Amino acid sequence: MNEFATLLMAAGYEPVKLGVSGAWHTRLMEDGVQAMRDYLAGLDIASPEHQVLMNVTAKSEVAPSIIKENLSLHLTHTVKWTESLDTFLNMPTSVAFLEISNKPYLGNMFNDFAGVDQQRVMHCRKAFSDAKVFK
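Just so you know, the working numbering puts 137 at position 123 of the sequence shown, and the rest follows in order with no gaps.
In short, the hints are calculated from the structure, not lab data.
Note that this is a predicted model, so its numbers are computed, not measured.
C-beta: ideal position from N, C-alpha, C; glycine also.
Worth double-checking, as some hints may not be accurate.
What the hints assert, rightly or not - Here are the simulated BS3-like cross-link-like pairs (lysine-lysine), alpha carbons at most 25 Å apart as the crow flies: (1) K31 - K117; (2) K140 - K117; (3) K94 - K73; (4) K94 - K117; (5) K82 - K94; (6) K73 - K117; (7) K117 - K82; (8) K31 - K94.
Unchecked claim - What follows is a list of derived Cβ distance ranges for each label pair: (9) M23 - R51: 25 to 31 Å; (10) L21 - Q132: 26 to 32 Å; (11) N16 - E97: 21 to 27 Å.
Kindly produce the complete structure, drawing on both the sequences and the hints.
Below, the structure is given as structure tokens:
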């Protein structure tokens, strides 16, 4: 990767190494979509008590089958981040953003939006440790 970056710089480009561990949200993950569907099919996922905002559609979902399909599509589909944020920011103030990821990342992007109450934004690790979301 470093050699390729050197070639790009020599050609006048400015390469930026992304802090990701895979080719998520690209066609390079196509082989994993069916494997993810098969894996999720074996999980018993109940209808959530609260709507789940899916960033592959920028829509809220409660149907387990649709949530599972959207999770599978996350491997290859572009994230509709701006549309998802617009949807979230137009929800009632009682709605919270719970980031489910290995490390807090997406929630920090809310800092770029004026008027966002940071109390509405939480990472899953903090939620589990505080148990705020589950009260």
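task = Against the structure, test the hints numbered earlier, and report the numbers of the ones violated in rising order.
result = Numbers 9, 10 and 11 - these are the hints that the structure violates, sorted from lowest upward.
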